[in-house]
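Chains as they are written, first to last, in numbering that gives the first Met the number 0: chain A, 0 to 324; chain B, 0 to 324.
Please keep in mind that the hints were generated in silico from the structure rather than gathered at the bench. None of the values given here were measured: they were computed from a predicted structure. Beta carbons: idealized from backbone N, C-alpha and C, even for Gly. Some hints could be false.
Said to hold, decoys possible - In silico EDC-like pairs for lysine to aspartate or glutamate, Cα to Cα no more than 16 Å straight-line:
1. B:Lys136 / A:Glu51
2. B:Lys322 / B:Glu163
3. A:Lys136 / B:Asp90
4. B:Lys208 / B:Asp278
5. A:Lys210 / A:Glu265
6. B:Lys322 / B:Glu137
7. A:Lys45 / B:Glu137
8. A:Lys322 / A:Asp90
9. B:Lys13 / B:Asp282
10. B:Lys45 / A:Asp90
11. A:Lys322 / B:Glu265
12. B:Lys45 / A:Glu137
13. B:Lys208 / B:Glu265
14. B:Lys208 / B:Asp224
15. A:Lys45 / A:Glu12
16. A:Lys45 / B:Asp90
17. A:Lys322 / A:Glu137
18. B:Lys259 / B:Asp282
19. A:Lys13 / A:Glu55
20. B:Lys136 / B:Asp90
21. A:Lys13 / A:Asp243
22. B:Lys322 / A:Glu12
23. A:Lys70 / A:Glu121
24. A:Lys136 / A:Glu160
To be verified - Away from chain A, derived, C-beta distances all over 12 Å, residues of chain B:
25. Glu44
26. Glu88
27. Gly101
28. Thr128
29. Ser258
30. Gly320
Said to hold, decoys possible - Examples of chain B residues toward chain A, derived with CB under 7 Å:
31. Asn47
32. Gly92
33. Glu95
34. Ile96
35. Thr99
36. Leu100
37. Val254
2 protein chains.
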Amino acid sequence: MKIDCLQYANWSEKIFRQMREGGLDGVHVTICYHENFRDTVLNIEKWNRWFETYPELICHARSAEDLRRAKADGRTGIIFGFQNCSPIEDDIGLVEICHTLGARFMQLSYNNQSLLATGCYEAEDPGITRMGRQVIKEMNRVGLVVDMSHSAERSTLEAIEISERPIAITHANPAFWHAARRNKSDAVLAALAESGGMLGLSLYPHHLKDKSDCSLESFARMAADLAERYGVGFFGIGSDLCQDQPDSVVEWMRVGRWSKEIDYGEGSASDAGFPPQPDWFTDNRDFPNLARGLAEVGFNDQEVAQIMGENWLNFYQASFGPKEA
Amino acid sequence: MKIDCLQYANWSEKIFRQMREGGLDGVHVTICYHENFRDTVLNIEKWNRWFETYPELICHARSAEDLRRAKADGRTGIIFGFQNCSPIEDDIGLVEICHTLGARFMQLSYNNQSLLATGCYEAEDPGITRMGRQVIKEMNRVGLVVDMSHSAERSTLEAIEISERPIAITHANPAFWHAARRNKSDAVLAALAESGGMLGLSLYPHHLKDKSDCSLESFARMAADLAERYGVGFFGIGSDLCQDQPDSVVEWMRVGRWSKEIDYGEGSASDAGFPPQPDWFTDNRDFPNLARGLAEVGFNDQEVAQIMGENWLNFYQASFGPKEA
Numbered sequence: 000m001k002i003d004c005l006q007y008a009n010w011s012e013k014i015f016r017q018m019r020e021g022g023l024d025g026v027h028v029t030i031c032y033h034e035n036f037r038d039t040v041l042n043i044e045k046w047n048r049w050f051e052t053y054p055e056l057i058c059h060a061r062s063a064e065d066l067r068r069a070k071a072d073g074r075t076g077i078i079f080g081f082q083n084c085s086p087i088e089d090d091i092g093l094v095e096i097c098h099t100l101g102a103r104f105m106q107l108s109y110n111n112q113s114l115l116a117t118g119c120y121e122a123e124d125p126g127i128t129r130m131g132r133q134v135i136k137e138m139n140r141v142g143l144v145v146d147m148s149h150s151a152e153r154s155t156l157e158a159i160e161i162s163e164r165p166i167a168i169t170h171a172n173p174a175f176w177h178a179a180r181r182n183k184s185d186a187v188l189a190a191l192a193e194s195g196g197m198l199g200l201s202l203y204p205h206h207l208k209d210k211s212d213c214s215l216e217s218f219a220r221m222a223a224d225l226a227e228r229y230g231v232g233f234f235g236i237g238s239d240l241c242q243d244q245p246d247s248v249v250e251w252m253r254v255g256r257w258s259k260e261i262d263y264g265e266g267s268a269s270d271a272g273f274p275p276q277p278d279w280f281t282d283n284r285d286f287p288n289l290a291r292g293l294a295e296v297g298f299n300d301q302e303v304a305q306i307m308g309e310n311w312l313n314f315y316q317a318s319f320g321p322k323e324a
Numbered sequence: 000m001k002i003d004c005l006q007y008a009n010w011s012e013k014i015f016r017q018m019r020e021g022g023l024d025g026v027h028v029t030i031c032y033h034e035n036f037r038d039t040v041l042n043i044e045k046w047n048r049w050f051e052t053y054p055e056l057i058c059h060a061r062s063a064e065d066l067r068r069a070k071a072d073g074r075t076g077i078i079f080g081f082q083n084c085s086p087i088e089d090d091i092g093l094v095e096i097c098h099t100l101g102a103r104f105m106q107l108s109y110n111n112q113s114l115l116a117t118g119c120y121e122a123e124d125p126g127i128t129r130m131g132r133q134v135i136k137e138m139n140r141v142g143l144v145v146d147m148s149h150s151a152e153r154s155t156l157e158a159i160e161i162s163e164r165p166i167a168i169t170h171a172n173p174a175f176w177h178a179a180r181r182n183k184s185d186a187v188l189a190a191l192a193e194s195g196g197m198l199g200l201s202l203y204p205h206h207l208k209d210k211s212d213c214s215l216e217s218f219a220r221m222a223a224d225l226a227e228r229y230g231v232g233f234f235g236i237g238s239d240l241c242q243d244q245p246d247s248v249v250e251w252m253r254v255g256r257w258s259k260e261i262d263y264g265e266g267s268a269s270d271a272g273f274p275p276q277p278d279w280f281t282d283n284r285d286f287p288n289l290a291r292g293l294a295e296v297g298f299n300d301q302e303v304a305q306i307m308g309e310n311w312l313n314f315y316q317a318s319f320g321p322k323e324a
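Assemble the whole structure, with the sequences as input and the hints as a guide.
The following block contains the structure:
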């Protein structure tokens, strides 16, 4: 079972075929960054059209069981997730509605302060809000996983503490390897691991040591360090691959409709667009390179299988259904 | 299996308990009359709260199998339906979204002209529209049943013709018994029966011969006439019970936001509110009276069981899932 727990590509038949070539049984796709409920539904409608048009390549996956069936059928199961809480607006009842529509991950904040939590670019982080506490409880009840990839430190630690089910950081790397704003501190990694949470290792160049020049060996050694500190069951892949996206999309991610001024996020005025991917991970066909890199730094076959998908599958199995009474 | 294929009550714990007392295993509830998509979702959110609050009395039913499970658990399965196409706005992608959220019936029009079809109070009926033809096809694909209860004659006949799966008229009576605007002509009944469609017999007084004074025997004899003409497998109950609703609600049904002037629908200025129910069918506990009345005019036990729910169950079994390839 091979799973990538975060992508936001410019979806097309070409990419769906490349997912099959790359051996991906499951991909967690981002449905929204700044969209409200109605606009999020429009994005889901687009996926429904793709499922109808390419039934031999992809299918909607709502559970670990759906992914096993997708694998058996030779298709890639698509899991929906939100990188922001904008789809639930100020309405806690939309948590269950979004879960019914297929959402299985929701970030409590995306870079900025949200109604629920603080994003990693804010100067101050007052932690989980009043509504945030209620929404975490509701997400726990229905089986919508809390994702803190783009959230600030205190909010993230509080989310791990408040949530009664393990949470995820679907796409980020350890700050001990590369100290980027989006990468995670030892304190966060330790609390996440201890609570049964999961980390998805990112291949987005701004999250990599040496960015676009990062070597596969460096990436794999980081994974080995992580396994030594927190165990091999604690992490998988969340590549953050934005295949075929024009640079206008990274601007939408960063600025949405919240600012009239440009914000460069992890980039800069001279490096404003999507950074080039390292040559060993440029599209969905390169997924097997990661397995090779992991093996080369000493992970055995079973450990490679865990990191490449089995860990996420087990997490999905435990997380995507209603909370047991 | 006892099913009422249309109610719009002022839902409460009292009514849910009365459904259990009345022996109802399934009830098709109206989710909206004039609401757009977002407001329809708010109404579904209310149901989610009721399901969470009263799990020993009710549960959400999306299939015939869900109803069998509800019956085994001693609960009433609630099936969602729309009395208008307003929830899909002008967006065909919302058909599948609404089905995913649980909708299993949708009227193509409610009294007035809609984007899809004509309502029974319009002076002219130009038939199914361009969008209507597309939406019927999409409803057929996903398993959302076309309901023409409040539609005009030509539109109804065309819907029966165009739909590749049997349609329903969930709540209306034969015009041969009581010639009301909402009751259905022999032409419609014959086409509906021949195509494998279903009729739900209404207990709403404006649809009854002698209205509030209608006798149980008269109602049951109408059912016997219907069975003689079209067979006992063609119909069930769709009571249109509006238990505990204030008269402001019948005004909302009739006028919505489409008119600044009052419209009395099947009532009149001197009879503007909800008419009193006949004394043998006043609330959900009176469902067994219908079975008794049917038996008294000569239906045998199996026929009574068919009319009281088995016919609807079979129709749901064939209708609520995706169209087979």
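Next on the checklist: Run through the hints listed earlier and report the numbers of any the structure violates, in increasing order.
Outcome noted: Hints 3, 8, 11, 18, 22, 23, 25, 26, 27 and 37 contradicted; others consistent.
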